[in-house]
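> Sequence:
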Amino acid sequence: MRNAGLYYEYRSFFSTAMHQAQRLGLVSFTGTMGLVRTSLVRKESGWDEDCITEDAAAGARINREGYLGVYVDESLGKGYMPFDYANLIRQRRRWVYGNMQVLSQDLGKIVRDKKLRIAQKL
Numbered sequence: 001m002r003n004a005g006l007y008y009e010y011r012s013f014f015s016t017a018m019h020q021a022q023r024l025g026l027v028s029f030t031g032t033m034g035l036v037r038t039s040l041v042r043k044e045s046g047w048d049e050d051c052i053t054e055d056a057a058a059g060a061r062i063n064r065e066g067y068l069g070v071y072v073d074e075s076l077g078k079g080y081m082p083f084d085y086a087n088l089i090r091q092r093r094r095w096v097y098g099n100m101q102v103l104s105q106d107l108g109k110i111v112r113d114k115k116l117r118i119a120q121k122l
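full-length UniProt numbering applies: residue 1 is where the sequence shown begins, and numbers increase by one.
If you're looking for bench data, these hints aren't it; they were derived computationally from the structure. You may find that some hints are simply not true.
Unchecked claim - Here are the computed lysine-lysine pairs in the DSS-like style, where the Cα-Cα straight-line distance is at most 27 Å:
1) Lys-43 x Lys-121
2) Lys-43 x Lys-114
3) Lys-109 x Lys-43
4) Lys-43 x Lys-115
5) Lys-109 x Lys-121
As the list claims (entries may be wrong) - What follows is a set of in silico ranges between Cβ atoms, one per label pair, in the way DEER data are often shown:
6) Met-81 x Asp-50: 21 to 29 Å
7) Lys-115 x Pro-82: 18 to 26 Å
8) Gly-31 x Ile-89: 13 to 21 Å
9) Asp-84 x Gly-31: 32 to 40 Å
10) Leu-24 x Ser-75: 21 to 29 Å
11) Val-70 x Lys-115: 25 to 33 Å
Every residue gets a Cβ at the ideal spot worked out from N, C-alpha and C, and that includes glycine.
Construct all of the structure, not just a fragment, from the sequences and the given hints.
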């Protein structure tokens, strides 16, 4: 396996963090191989095409609307992983920038939302 270390990093996230999120009711849509109700995507506020991590933005919005995510620990397909260090850095920068973009746009909504539990806000 060419990027075995990266595979195991991803796998550890899904085998630990996502299981913990499931136990706490904090699963959010994260994109690759995620399934979302069509009606939620078709709403006027569906995908934020101006956000570099539109999946994270959609997940935050869906959670604020009161929907809960469910994590199923079953591989249903394959995604692409970076094959070299330069592309890994590009991916991680995109993730950091995109999540900061979502946070900066939605922080006020998240803090004021009375439907979200403290753990969800954090």
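> Are Lys-43 and Lys-115 close enough, with their CA atoms no more than 27 Å apart?
holds, 20 Å
> With a cut-off of 27 Å on the C-alpha distance, tell me whether Lys-109 and Lys-121 pass.
Since the Cα atoms of Lys-109 and Lys-121 sit roughly 10 Å apart, the hinted pair holds (cutoff 27 Å).
> When you take the CB atoms of Leu-24 and Ser-75, is the distance between them in 21 to 29 Å?
At roughly 23 Å between Cβ atoms, Ser-75 and Leu-24 fall inside 21 to 29 Å, so the hint holds.
> Within 13 to 21 Å or not, the Cβ separation of Gly-31 and Ile-89?
About 19 Å separates the Cβ atoms of Gly-31 and Ile-89, which means 13 to 21 Å holds.
> State, for the Cβ atoms of Val-70 and Lys-115, whether the hinted interval 25 to 33 Å holds or is violated.
Taking Cβ atoms as reference, Val-70 and Lys-115 lie about 18 Å apart, which means the hint is violated.
> Measure nothing beyond the straight line between the CA atoms of Lys-109 and Lys-43; if it is 27 Å or shorter, mark the hint as holding.
Given pair Lys-109, Lys-43 holds - Cα atoms ~18 Å apart, limit 27 Å.
> Compare the distance between the alpha carbons of Lys-43 and Lys-121 with 27 Å, and conclude whether the hinted pair is satisfied.
holds, 23 Å
> With 21 to 29 Å as the target window, see if Met-81 and Asp-50 comply at their CB atoms.
holds, 26 Å
> Confirm or reject the claim that Lys-115 and Pro-82 have a C-beta distance inside 18 to 26 Å.
violated, 37 Å
> Would you say the C-beta atoms of Asp-84 and Gly-31 sit inside 32 to 40 Å of each other?
violated, 22 Å
> Given the hint that Lys-43 pairs with Lys-114, test it: the Cα-Cα distance must not exceed 27 Å.
holds, 22 Å
Violated hints, listed in ascending order, are 7, 9 and 11; each of the other numbered hints is respected by the structure.
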